[in-house]
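Go ahead and model the full structure; you've got the sequences and the hints to work with.
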Amino acid sequence: MDELLKILKNNALETPDNIAKMLNISTEEVRSRIADYEKRGIIKGYQAIVNEDVLKMDRVTALIEVKVSPEREGGFNHVATRIGKFPEVQSIYLVSGDFDLLLFVVGPDLKEVAFFVSEKLATIDGVHATATHFMLKTYKHHGVLMEAQDEYERLKITP
Amino acid sequence: MSTSASKSLHDVIARNLADVPPSGIRDFFEIVSTMEDVISLGIGEPDFDAPWHIREASIFGLEKGATSYTSNLGLLGLRRAIANYVKKTFSLQYDPQREVLVTVGVSEALDLAIRAICNPGDEIMYHEPCYVSYGPLIQFAHGRPVIVPTTIENEFRVTRDALEERVGPRTKALILNYPNNPTGAALTRNDAKDIADFVSDHDLILITDEIYAELTYHQDHLSPATFPGMRERTIFLHGFSKAWAMTGFRIGYACAPPALTDAMMKIHQYTMLCAPILSQEAAIAALDEPERDIADMKSEYEKRRNFLQNSFGEMGLPCFEPRGAFYAFPSVRETGLSSKAFALRLLEEEKVACVPGTAFGASGEGFVRCAYATALDDLKEAMHRMAAFLDRLRT
Ligand SMILES: Cc1ncc(COP(=O)(O)O)c(C=O)c1O
Numbered sequence: 234m235d236e237l238l239k240i241l242k243n244n245a246l247e248t249p250d251n252i253a254k255m256l257n258i259s260t261e262e263v264r265s266r267i268a269d270y271e272k273r274g275i276i277k278g279y280q281a282i283v284n285e286d287v288l289k290m291d292r293v294t295a296l297i298e299v300k301v302s303p304e305r306e307g308g309f310n311h312v313a314t315r316i317g318k319f320p321e322v323q324s325i326y327l328v329s330g331d332f333d334l335l336l337f338v339v340g341p342d343l344k345e346v347a348f349f350v351s352e353k354l355a356t357i358d359g360v361h362a363t364a365t366h367f368m369l370k371t372y373k374h375h376g377v378l379m380e381a382q383d384e385y386e387r388l389k390i391t392p
Numbered sequence: 047m048s049t050s051a052s053k054s055l056h057d058v059i060a061r062n063l064a065d066v067p068p069s070g071i072r073d074f075f076e077i078v079s080t081m082e083d084v085i086s087l088g089i090g091e092p093d094f095d096a097p098w099h100i101r102e103a104s105i106f107g108l109e110k111g112a113t114s115y116t117s118n119l120g121l122l123g124l125r126r127a128i129a130n131y132v133k134k135t136f137s138l139q140y141d142p143q144r145e146v147l148v149t150v151g152v153s154e155a156l157d158l159a160i161r162a163i164c165n166p167g168d169e170i171m172y173h174e175p176c177y178v179s180y181g182p183l184i185q186f187a188h189g190r191p192v193i194v195p196t197t198i199e200n201e202f203r204v205t206r207d208a209l210e211e212r213v214g215p216r217t218k219a220l221i222l223n224y225p226n227n228p229t230g231a232a233l234t235r236n237d238a239k240d241i242a243d244f245v246s247d248h249d250l251i252l253i254t255d256e257i258y259a260e261l262t263y264h265q266d267h268l269s270p271a272t273f274p275g276m277r278e279r280t281i282f283l284h285g286f287s288k289a290w291a292m293t294g295f296r297i298g299y300a301c302a303p304p305a306l307t308d309a310m311m312k313i314h315q316y317t318m319l320c321a322p323i324l325s326q327e328a329a330i331a332a333l334d335e336p337e338r339d340i341a342d343m344k345s346e347y348e349k350r351r352n353f354l355q356n357s358f359g360e361m362g363l364p365c366f367e368p369r370g371a372f373y374a375f376p377s378v379r380e381t382g383l384s385s386k387a388f389a390l391r392l393l394e395e396e397k398v399a400c401v402p403g404t405a406f407g408a409s410g411e412g413f414v415r416c417a418y419a420t421a422l423d424d425l426k427e428a429m430h431r432m433a434a435f436l437d438r439l440r441t
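Chains as they are written, first to last, in the working numbering: chain A, 234 to 392; chain B, 47 to 441.
The hints are simulated quantities; they were obtained by calculation from the structure and are not laboratory data.
Be a bit skeptical, because a hint or two may be false.
Which chain A residues stay away from chain B? Per the calculated CB distances, all over 12 Å, these [to be verified]: (1) Q280; (2) N284; (3) R292; (4) E306; (5) G307; (6) N310; (7) L327; (8) F349; (9) E352; (10) T356; (11) V360; (12) T363; (13) M379.
Going by beta-carbon spacing under 10 Å, a handful of chain B positions derived as facing chain A [as the list claims (entries may be wrong)]: (14) F74; (15) V84; (16) R350; (17) L354; (18) N356; (19) M429.
This structure is a prediction, so every number in the text was calculated from the model and none was measured.
All residues carry an ideal CB built from backbone N, CA and C; glycine is no exception.
Right under this line is the structure:
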């Protein structure tokens with residue numbers, strides 16, 4: 234991956250000025266390259282990594298396995314896109330193994346999510362089985378450990 | 047104990063030890079360690095932890111009961127992996143059975159190399175500014191250190207002329223360290239060739255400390271040991287501390303023709319017996335896929351290097367482009383302060399620690415060493431504070 238993208242993936246708030254210094258290019262070039270990535274849809278947006286467990290938000294996330302019969306034309310795409318229209322659905326992946334689609338779904342509580350699964354998801358044409366796992370605790374998210382471990386302290390001056 | 051008794055204890059200390067000056071780094075460390083909230087650019091080791099799979103190998107070693115001595119030379123599996131790596135990376139071929147010695151860091155390897163060849167009164171040359179241990183180790187071995195200064199004009203690469211000026215009939219060896227701590231200098235192919243010719247022409251031994259070899263930027267590393275005839279007169283030193291961020295494992299190695307390896311091994315077997323087995327296990331893991339371990343850290347260092355270089359430029363602090371290791375060596379001459387005064391005031395007024403160039407030898411006067419093996423957020427803040435400090439100095 235391009236170094237500029239690596240920097241932004243690590244810290245989307247890094248200033249163009251600092252990025253320019255790190256990459257030995259001008260600030261204008263940083264700006265125009267970011268704009269270009271945005272235009273081409275390579276950068277789709279910028280989000281904060283929030284540790285929701287700390288916020289004690291009233292919501293739950295479920296990981297849902299879905300078995301789907303592929304369609305003659307379009308395979309899984311059509312069903313996946315339909316499922317994706319529901320705002321409750323955060324992410325959808327086509328996966329290998331015992332089931333086909335892996336979903337991340339959020340809702341205010343267990344009941345609401347269970348309701349979404351039985352009433353909305355399971356009734357979609359082509360969906361023939363689901364299994365729901367509620368997430369209990371997040372340890373690591375987007376490459377970031379949620380509970381900071383104490384850093385082992387180095388000596389302040391070494392040769 | 048009475049004063050007269052402690053006086054006589056002073057007299058007991060070996061004279062060659064008493065002649066070794068106290069470490070400039072140590073002094074500075076004492077001051078820094080009394081202060082809170084210091085951002086330190088004075089740390090000569092990676093801020094990364096060793097890659098997890100390497101640590102894991104060491105844990106697994108413990109579990110399977112790797113708690114014993116190893117062969118004096120080190121685990122054969124590790125020596126084989128080292129020989130492979132050195133061949134692939136440096137184009138130098140060594141026999142893992144007879145020409146590779148696993149040591150407790152390059153630190154021990156340096157001591158062994160020097161003691162293996164130095165008779166009392168022999169001269170050993172090294173270039174300055176340089177790593178702090180070369181001079182003292184030569185003195186411990188009853189040798190005579192011969193210092194060859196390097197200068198900013200030549201980007202701190204040692205020149206043949208400077209070497210020729212100081213070589214003499216008692217000169218036994220040259221210690222070389224590129225990429226260099228503290229300057230960040232690296233050799234070009236021509237430099238390496240000139241030095242190799244110098245060593246051959248004067249029939250010297252070359253002790254080459256290539257501990258930063260993997261960390262070069264926009265320049266390939268070339269070991270002077272690769273030139274024709276050099277392998278037979280070279281002690282090649284390398285280790286895992288820097289590129290793999292394994293300083294605390296204390297593991298390194300020396301590669302040299304059998305006669306030299308045997309001599310080093312004679313000392314090593316009685317003083318150290320062997321390098322710690324868990325560190326040897328970790329080192330084997332480190333050589334599994336070295337490129338993968340190193341690549342991410344190196345690309346991070348490079349960004350930080352650029353960031354420092356450009357920040358120094360912005361604040362008007364002249365700094366030649368560091369080519370290797372993880373140090374920048376800006377000049378502070380223009381401020382009118384000595385290296386030490388600059389470093390002390392920067393520490394007191396802005397709580398930023400960098401190491402005075404003179405800690406690495408007299409030719410480091412006028413410079414300070416800033417390590418960029420430091421988290422980017424700390425570097426940003428340090429540059430901010432340094433710019434403010436310079437502004438104040440100038441008004
Ligand atoms: C040039 C040089 N040689 C040797 C060493 C010592 O390394 P080790 O940890 O392998 O003993 C260092 C450490 O700072 C160094 O900078």
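**Message:** Please check whether the beta-carbon of A:R292 is more than 12 Å away from every beta-carbon in chain B.
**Reply:** A:R292 clear of chain B: closest Cβ-Cβ about 32 Å, beyond 12 Å.
**Message:** Please verify that the nearest CB of chain B lies beyond 12 Å from A:T363's CB.
**Reply:** The claim stands: A:T363 keeps its Cβ more than 12 Å from every Cβ of chain B (closest is about 35 Å).
**Request:** Confirm or reject the statement that A:L327 sits farther than 12 Å, beta carbon to beta carbon, from all of chain B.
**Result:** 28 Å, holds
**Message:** Tell me if the interface restraint on B:F74 is satisfied: Cβ within less than 10 Å of some Cβ in chain A.
**Reply:** With Cβ-Cβ at 6 Å, under 10 Å, it holds.
**Message:** Hint validation: B:V84 versus chain A, beta carbon distance must be below 10 Å. Holds or violated?
**Reply:** Hint on B:V84: holds, closest Cβ of chain A at ~6 Å, below 10 Å.
**Request:** Could you check that no beta carbon of chain B comes within 12 Å of the beta carbon of A:N310?
**Result:** 35 Å, holds
**Message:** Over 12 Å from every CB of chain B: does A:E306 meet that, or does the non-interface label fail?
**Reply:** 42 Å, holds
**Message:** According to the definition I'm using, a residue is off the interface if its beta carbon is farther than 12 Å from all beta carbons of the partner; does A:T356 meet that for chain B?
**Reply:** Nearest chain B Cβ is 45 Å from A:T356, so the label holds.
**Asked** In terms of Cβ atoms, is chain B entirely out of 12 Å range of A:G307?
**Response** 38 Å, holds
**Request:** Please verify that hint: B:M429, Cβ, nearest Cβ of chain A, below 10 Å or not.
**Result:** 9 Å, holds
**Asked** Looking at A:V360 again, its CB stays over 12 Å from all of chain B?
**Response** Answer for A:V360: holds, closest chain B Cβ roughly 39 Å.
**Asked** Taking the closest Cβ pair, is B:L354 under 10 Å from chain A?
**Response** 8 Å, holds
When the structure is compared with the earlier hints, no violation turns up for any of them.
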